[in-house]
Amino acid sequence: MAKIVANKNSLNEEIKRINAKRNREIFIWGIVVLLSVLLEQFIFTFILGIIAFFRMLSLASPHSKVESMASGLEGEEYAISTLRKLPDEYTVICDVNIEVDGGKSQLDFVVVGPTGIFVTEIKNWNGTIYGSEEEKEWRQDKVGRKGGEYSRHYYNPGKQVRTHVYRLSKLLKNNGLNSWVQGIVYFTHPRVEIHVETNKVPVFAEPKNDGYDLLKYIQSEDNESLTEKQINDIENLLVSESNLEGTA
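Residue 19 in UniProt numbering sits at position 19 of the sequence shown, and the numbers go up by one each step.
By construction, these hints were calculated from the structure, which means they are not laboratory data. Be aware that one or more of the hints could be misleading.
Stated by the list, open to error - The calculated lysine-lysine pairs, modelled on BS3-like cross-linking and capped at a C-alpha distance of 27 Å, are:
no., residue 1, residue 2
1, LYS3, LYS136
2, LYS146, LYS229
3, LYS136, LYS159
4, LYS200, LYS136
5, LYS3, LYS173
6, LYS229, LYS173
7, LYS159, LYS229
8, LYS104, LYS170
9, LYS136, LYS85
Using the sequences and the hints, build the whole thing.
So, in structure tokens, the structure goes:
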């Protein structure tokens, strides 16, 4: 079983922050309305009550940003359960933040082991995904909650992970660790279908078979071989860069 190195998940912390802010605002609006009633400012109360009602209704309704982050967090948790199945020689470093030459990257997962270094970008999208390696955006076709079909366009995750790979490679080189870094895109949602063409960045979407092809690819003998010392040096560098502490 692979070692998982993680700290407090940034998505989880952001969700908590947004929810706390929303709850505070609901509480404040409630206090304002209550005070206006107690002070018998009826006209003011009526106007304020209408404003407060709709504002509180808006705050209490599902928050699209929170929903999106919660979906991302769910995908990352599934990915951890998959990558954990790698052999003991592998380390999975979560939520890695790096900065190189003024450019910043947040890497969902970096897998380090005897067969190399793998930057794994997680997408918990559902529906049908269309795209190619060099397209700026990929298209997601899906059915909404009310049964309607619609499409969304997202920045090409293959290009996204290639940027991460470039920065991580440069960071390693700057620290005397010249190792090949491979990017991967992994779709974790159980109801996703992929129609994309890529050569440089493999794309996996297979939660129904527990990530078998992804794990097989990472352990492929065709990838670069790293010594135990190299693995430890790379792990220590990334843990230090991201101020990580915990082992899950």
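Checklist entry - Going through the earlier hints one by one, which of them does the structure break, listed in rising order? => result Those not satisfied are hints 1, 2, 7, 9.
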